[in-house]
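Q: Top to bottom, those sequences are chains A and B.
If you're matching positions, the first sequence starts at 1 in the working numbering and goes up one per residue.
If you're matching positions, the second sequence starts at 1 in the working numbering and goes up one per residue.
These are computed hints drawn from the structure, not numbers from a lab.
For every residue, glycine included, the Cβ atom is placed at its ideal position computed from N, Cα and C.
Treat the hints with caution; some may be incorrect.
[Claimed, not checked] Straight-line distance between alpha carbons at most 25 Å, and here's what the computed SDA-like set of lysine to any residue pairs gives: (1) A:K128 with B:R3; (2) A:K104 with A:G235; (3) B:K17 with B:R3; (4) B:K136 with A:Q25; (5) B:K104 with A:M90.
[Said to hold, decoys possible] Facing chain A, according to a computed beta carbon distance under 7 Å, are these residues of chain B, among others: (6) I112; (7) C149; (8) T223; (9) H297.
Protein chains: 2
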Amino acid sequence: MGRYEDKFKTFLDEERKIVDKRLSQSLKNRKPSSLYEPGYYIIEGGGKRLRPLLVLLAVKAVGGKLNKAYNAAAAVELLHNFTLVHDDIMDNANKRRNILTVHKKYDTNIAILAGDSLLSVAYEYLLKDCNGTAKKVLAAFTKGLVEVCEGQSLDKEFELSENVSIEEYIVMIQKKTAAMIEMCCTIGAVIGGGDEKEVRSLANFGKNIGIAFQIQDDLLDITGDENDFGKFVGGDLVEGKKTFLFLKALEVSEGTDKDRFLEIIKNKGVKPGQIQSYKELYQKLNVLEDAEKEIKHYTNLALKSIKKIKNEKYREYFALLADLLIKRRK
Amino acid sequence: MGRYEDKFKTFLDEERKIVDKRLSQSLKNRKPSSLYEPGYYIIEGGGKRLRPLLVLLAVKAVGGKLNKAYNAAAAVELLHNFTLVHDDIMDNANKRRNILTVHKKYDTNIAILAGDSLLSVAYEYLLKDCNGTAKKVLAAFTKGLVEVCEGQSLDKEFELSENVSIEEYIVMIQKKTAAMIEMCCTIGAVIGGGDEKEVRSLANFGKNIGIAFQIQDDLLDITGDENDFGKFVGGDLVEGKKTFLFLKALEVSEGTDKDRFLEIIKNKGVKPGQIQSYKELYQKLNVLEDAEKEIKHYTNLALKSIKKIKNEKYREYFALLADLLIKRRK
Numbered sequence: 001m002g003r004y005e006d007k008f009k010t011f012l013d014e015e016r017k018i019v020d021k022r023l024s025q026s027l028k029n030r031k032p033s034s035l036y037e038p039g040y041y042i043i044e045g046g047g048k049r050l051r052p053l054l055v056l057l058a059v060k061a062v063g064g065k066l067n068k069a070y071n072a073a074a075a076v077e078l079l080h081n082f083t084l085v086h087d088d089i090m091d092n093a094n095k096r097r098n099i100l101t102v103h104k105k106y107d108t109n110i111a112i113l114a115g116d117s118l119l120s121v122a123y124e125y126l127l128k129d130c131n132g133t134a135k136k137v138l139a140a141f142t143k144g145l146v147e148v149c150e151g152q153s154l155d156k157e158f159e160l161s162e163n164v165s166i167e168e169y170i171v172m173i174q175k176k177t178a179a180m181i182e183m184c185c186t187i188g189a190v191i192g193g194g195d196e197k198e199v200r201s202l203a204n205f206g207k208n209i210g211i212a213f214q215i216q217d218d219l220l221d222i223t224g225d226e227n228d229f230g231k232f233v234g235g236d237l238v239e240g241k242k243t244f245l246f247l248k249a250l251e252v253s254e255g256t257d258k259d260r261f262l263e264i265i266k267n268k269g270v271k272p273g274q275i276q277s278y279k280e281l282y283q284k285l286n287v288l289e290d291a292e293k294e295i296k297h298y299t300n301l302a303l304k305s306i307k308k309i310k311n312e313k314y315r316e317y318f319a320l321l322a323d324l325l326i327k328r329r330k
Numbered sequence: 001m002g003r004y005e006d007k008f009k010t011f012l013d014e015e016r017k018i019v020d021k022r023l024s025q026s027l028k029n030r031k032p033s034s035l036y037e038p039g040y041y042i043i044e045g046g047g048k049r050l051r052p053l054l055v056l057l058a059v060k061a062v063g064g065k066l067n068k069a070y071n072a073a074a075a076v077e078l079l080h081n082f083t084l085v086h087d088d089i090m091d092n093a094n095k096r097r098n099i100l101t102v103h104k105k106y107d108t109n110i111a112i113l114a115g116d117s118l119l120s121v122a123y124e125y126l127l128k129d130c131n132g133t134a135k136k137v138l139a140a141f142t143k144g145l146v147e148v149c150e151g152q153s154l155d156k157e158f159e160l161s162e163n164v165s166i167e168e169y170i171v172m173i174q175k176k177t178a179a180m181i182e183m184c185c186t187i188g189a190v191i192g193g194g195d196e197k198e199v200r201s202l203a204n205f206g207k208n209i210g211i212a213f214q215i216q217d218d219l220l221d222i223t224g225d226e227n228d229f230g231k232f233v234g235g236d237l238v239e240g241k242k243t244f245l246f247l248k249a250l251e252v253s254e255g256t257d258k259d260r261f262l263e264i265i266k267n268k269g270v271k272p273g274q275i276q277s278y279k280e281l282y283q284k285l286n287v288l289e290d291a292e293k294e295i296k297h298y299t300n301l302a303l304k305s306i307k308k309i310k311n312e313k314y315r316e317y318f319a320l321l322a323d324l325l326i327k328r329r330k
């Protein structure tokens, strides 16, 4: 893979700059400022722009032209940030990317409306890039929106539920995380002029890598390096989140071990001082390895579906992107 | 106009039933219920379905077929209810249509997400009805969404502002109320196969009747009959809202009269016991008549723009609808 690695990095760096500029244009100095300024604040707050870059990679993978997709690339990031603003209200989160969340910097009412407007501008920008393909592109985008709402709702349901199966968890992360990644690949492929088979392959890549990405996120919460990761280790345990690790541990444990996991549900989380002992329990039960296996399983499915990309360079770019998504922050 | 009045009423009654059924189908028993049940609750809570009916009337006015537009008709009502759910949170409203608002019946987090999902289903349904016209229809719908967010933001800005001009107020209600009415006419006309001139005429009708409708709403707050109106008389004064009446009164009053209106800004509203004396002050300053003149002005602009509808019956239906919107609850 070595021969493309540098080129890939250059591609990401250059395209990220173009995307950032387009995103900035979409909201900067737009009136009324009471509406758009909070949206501009979160967009300028950073982010890796993985979703827009996926759109652009999918365009290239099917032989399309990038300059027909920059508005669509901006649109998926606007949609993503709409979900972040509303999710942060629901999660009562104080910070994101090391700056105050929108509802903490402004207030909840402003954040609700700022989120809504990010979504409205997302559709506005998407419409700029879909002459001829409007119905397909907008249907994929809307499907992503529907699923991300459903996923968030399931995630909130699970917080209150005492028994969530691994299967239900996979459905939830497929909707909450993977559907949007899938959508990015789909609309890139459609705008780029891909045929049905190409669109399906790339969509399938997105869906599977999205699921792998989320399980990896769960795993990094406990194995990640504090500094690299940007959040404190074990945060999911403290919040009592029903992650892959937790649900797997609940499934495979017995006796007093199981009781300790049931305690998390009862107490709605653990104390920070308990994180290390739960990590050791995860290790004893092999659930960290189980998670790695699951990540590998979905990553392999993703990699399999891009084998059909004809252009060698972009096939490798997709493989490198998968690597980037899964190996991140490790 | 008499010869069409009964037929018009029958049309509204019959079409409303079809729209209600479609709306019900769009959300009933949809999973996850934690997401869709609150949306179903507000949709089933009633409403006159004026916006869907406008879509359908516009379809007929340009000679189109109704059964190609029922999903679009449902979509505009879903969009409308998305705005109601989020606005009610921002306004901290307890009741709407005599039942608890979504955030009071459930909670704020659920209401935020339920609102988002109503919008997502709105796009989903709209997409069912726009083969061939997808880009135009979705652009009009999205423009309506962008403007309604901007209008709501301006409305909230005005609450805190000490000087709002009548011109700024008209811009606000054009965005907050009229843009959505305009959008209903536009998408009906486009789906119905109208030519550019027809689309423009109907859009123009919607915009102007929407502005008239909102000023009428402001007027009814103080002149309306308590029982007919469903809200208590003078509510806008109590909340210190910057309505047409208030801004006009502020503009034309002098001396101690002006001081009394400036007091409303300072105190962020009046006490219920003061409503009658403010009503008398409005009468003394002739602002009720000024409002009526303004309503007439915009209504006439609306009626002028539908003169070009070729089909006599539907031209009259539009005039009757204008009448219904403006004379309502009086």
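Q: Does each hint fit the structure? Answer for all of them.
A: Here is what the structure says about each hint:
Under the criterion of a C-alpha separation no larger than 25 Å, the hint pairing K128 (chain A) with R3 (chain B) is inconsistent with the structure, at around 46 Å. In summary, the hint linking K104 (chain A) to G235 (chain A) is supported, as the alpha carbons are separated by about 20 Å, within the 25 Å threshold. For a cut-off of 25 Å, the pair hint linking K17 (chain B) to R3 (chain B) stands: about 23 Å separates their Cα positions. Restraint check: the Cα-Cα separation between K136 (chain B) and Q25 (chain A) comes to about 23 Å, which is no more than 25 Å; the hinted pair holds.
Between K104 (chain B) and M90 (chain A) the CA atoms are separated by roughly 16 Å; this keeps the pair inside 25 Å, and the hint holds. A least Cβ separation of about 6 Å between I112 (chain B) and chain A falls short of the 7 Å threshold, and the interface hint therefore holds. Checking C149 (chain B) against chain A by beta carbon gives a least distance of about 4 Å; that is within 7 Å, so the hint holds. Because the smallest distance between the Cβ of T223 (chain B) and any Cβ of chain A comes to about 30 Å, over 7 Å, the interface hint for this residue is violated.
The interface hint given for H297 (chain B) is violated, since its Cβ lies 25 Å from the closest Cβ of chain A, which is over the 7 Å cut-off.
Hint check: violations occur at hints 1, 8, 9; the rest are consistent with the structure.
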